[in-house]
Amino acid sequence: MSEGQVTFSVNARAVSPEVAPDTPLLWVLREQLGLTGTKFGCGAAQCGACTVLVNGEPRRSCVTPVSAVTAQSVMTIEGAQSGEDAPVAKALYEAWVAYGVPQCGYCQSGMLMAALALLKSNATPDDAELDQAFSGHICRCGSYQRLRAAVHSAADALRAADGVTNSGAAVGPR
Amino acid sequence: LLFGWSVLPPRQRLFGSNLPDAPENAVVLNGYVAIAPNDTVTVFVPKAEMGQGVHTAIAMLLAEELDCAWSQVHVEHSPVDRIYANLTVARDAVPLHPDDDAQLLSAVGWFSDKIMREVGVMITGGSTSVRDLWDPVRDAGAMARATLVQTAAARWDVSPDSCSVLDGVITSGNRSMRFGELVQGVAELTPARRYSRKSPEAYRLIGRATPRLESAAKSDGSATFGIDVRVDNMLYAAIAMAPVFGGSVRSLNASAVKVLPGVAAVVPVRALNGSPHGVAVVASGWHTAQQCLAKLELVWDDGPNVSLSSDAIRQQLLAQAATPGGRSFRNTGSVSDALAAASTSLSVMYDVPYLAHTTMEPPNCTVRVNADGADVWVGSQVPTQARSAVASILGLDEARVTVHVQLLGGGFGRRLDIDFIAQAAQIARAVPGRAVQLIWSRADDVQHDFYRPACAVAIAGALDDSGNVLAIRASSASQSIVGAYGARNGMAAAKFDVHKATVEGMFDQPYAIPSFAVSHHVVELPVPIGYWRSVGHSHQAFFLESFIDELAHAAGQDPMALRRQLLAHHPRALRVLELVAERSQWGTEPSVARDGARVARGVALHRSFGSIVAQVADVSLSPARDVRVHRVTCVVDCGLAINPDGVAQQMESGIVYGLSAALYGEITIANGRVTQRNYDTYKALRLQESPVVETHIVPSLDAPAGVGEIGLPPIAPAVANALFTLTGERLRQLPLRMSAASEVR
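In the order they appear, the protein sequences are chains A and B. The working numbering puts the first sequence at residues 1 to 174. The working numbering puts the second sequence at residues 1 to 745.
Quick caveat, the hints were computed from the structure, so don't treat them as lab data. Keep in mind the model is a prediction, meaning the values are calculated, not measured. One thing to keep in mind: the hints can contain errors.
[Said to hold, decoys possible] Label pairs and their in silico Cβ distance ranges:
(1) B:S196 - A:A12: 54 to 64 Å
(2) A:D162 - B:G373: 54 to 64 Å
(3) B:S196 - A:V63: 32 to 42 Å
[Said to hold, decoys possible] So these bits of chain A aren't anywhere near chain B, every CB distance computed over 10 Å:
(4) G4
(5) A123
(6) T124
(7) G142
(8) D156
We treat Cβ as the ideally placed atom computed from N, Cα and C, and that holds for glycine.
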């Protein structure tokens, strides 16, 4: 397909890269826009490493043609802590560090974007809801139990900040 | 000459041929540390950070001896130099028993250390990093501290003995100075001649749970992996590789692709360092390059292996394992007599399949070839080998090749190989002056890995009337990992194949077995194989720990009780076992699963990389007979745990990686090519399948032992042993699949 301009917003900034419209959003973000926080893992929506938010919903950028986000609003890990969801993103970031979630860290941008989408739509997810929200994600290092504890902890911290009683996470920070 | 060399003092490990480049205004004190006027302490770490937490652990060793504040510490990759050579990998390869041959092992180790200092190979692998740097990095920290103290004392005209150091501040009487002030305006400092390491009672950092240094960068998207390297004016490459092992390119239509928009070059890629033959497309973007591969009209010559299948290989390995002979790794007592005379004997076969690594970050490498040399940006476990290979391909002096080591998005042994680096060098040569980033697709990765070899074992055991274990005989068969790795990387010594890599985990365990014979047959096959997390332990632990369980049930004994008996002479292993029994509440009935399914426990204990780990797995079956692991109690004795939180993370990691293999992992081969292509066909454990892991670290002041791989070996047998308790069905093959007839009893 020949190249053309596709206009959309990334992290609240309007962009119009010159690109073939069938190019997956992932490669536009990484190569044209210099946003390398979003990772290539499988190219087939099987591992979740490339997850970004499109209009607030988690989307696998490796199988999303850039033309599909024309005039839409894309959020990547780089913009999460300064965007409209900054309080949630910051709570997640702090929990990720406190619980020592990342090992190699390669999958974590995708995990964090999925966590952000989850907590925006559900302030008090239970374990089964976490299982569901992360069922499309893979971490080969096995950060899962810390990830689970960190999401619960971030949810608790956000509710505490809202003045709601803190229910306490299942496992404390290490 | 050899004698003369052997009596020379060993090559020192603190000062290389060049000091590392100093960060701005900083003073480099030795090959491991620099201090800047703003008080930043830069630690140069010669090991790759691939998730195992090594940057943090090594920085802790240095900061402990330097007495700086932890908040001052910043890590950078060390340059390539002989002082950073890994000595421990060679020591670890010696096929001797760690208890019975301890003295001989120590003598051989002294000599191999000397050789490895000369060879100068930098390797991150074999769970050696902390062991390898335990002495030199503490020395580097202690020397740096003494150097700073000596300088301060001279300026104040006081005795160095009057000085104390805390959190990066030197004090003598009422005078004090920060490290940063001391190096202000100074180009270099005369290294202290005398320095000493702390005794463990004085540790303030070592042994304390310490957050990973790069956690923040890995939680906000700013961490830079090899694939994230960006160089001005760079290009991207995708590659098509011969799908059948040993195949080559018969024909292609490059001219039609070369003229497509965005395409910069079409480059034939020769098979080097174990990679297949292939063709790369270089383009302005990776997606374009990848799309163009399909337009090359590639026709492959499939070569001689087109009828190869993993089913046939499995039969061949089983037959070979059941054949007498092979190389002996242990032969004590009289196994044949014991088996003949035993009141109960058991003779069975086990086997495991090929496995892929599937690091989350696919293989990738960026190379730029200029008139005066080359730069390589890569996440690699072997930077010195990467440099040699690139230099050789480009016909350059090694000194003109610079390797910039990046964070690794997973290693697990995959990045011990340099196949993709050799490809990137060949591709970049076609577009001189421009950096090219080669990225493999996930299918490339799954289909062109260096797999954990498939392995089979024939194992027999004998019990007396009272249920005591009299003898075990194990004969295994697989390809040779060291032989294959050495052959593809030009290491002549590897062909002697005295290495223990495929047999470790069987002959070297702490159990007291009166008659014990272990042998291994090397089978030549055209499947590319390599190092996979925990290497031989990954399958031998499954064989031995499942079989010990079989013997316990045959003897009518509790599996924990039989192990206790076999470890009665080995206090260190016994302590690990006793602790896992206690913490897992062994001997009590586990609560049922949330859906009411019965839960059973299985135990396994294993020694690897100098550490001992025991695990108890709580397991149930879903209504569809899927294996569910709810909880794993993990007890580890890894000597002194530098960073207990890092150790706990690695236990969780080894268990999840090992469970992926135990429950799903299988690379199959049909018509000479790998069947699997991506995570849908080569499954990995996900959040909803992952157990709760409870790690308990045995307190110890012994020298630190390996950590990165040791959590993996016991998990498959622990789960298989639990499944036997649950159903009465003994699974002797991985991945673990319940038969259609199996019922929870």
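For each hint, the structure was consulted:
1. B:S196 - A:A12: 54 to 64 Å: 57 Å, holds
2. A:D162 - B:G373: 54 to 64 Å: Hint holds: Cβ distance 58 Å, inside 54 to 64 Å.
3. B:S196 - A:V63: 32 to 42 Å: 59 Å, violated
4. G4: 12 Å, holds
5. A123: About 19 Å separates A:A123 from the closest Cβ of chain B, which puts it past 10 Å; holds.
6. T124: 18 Å, holds
7. G142: Answer for A:G142: violated, closest chain B Cβ roughly 3 Å.
8. D156: 18 Å, holds
Checked against the numbered hints given earlier, the structure breaks hints 3 and 7 and satisfies all the rest.
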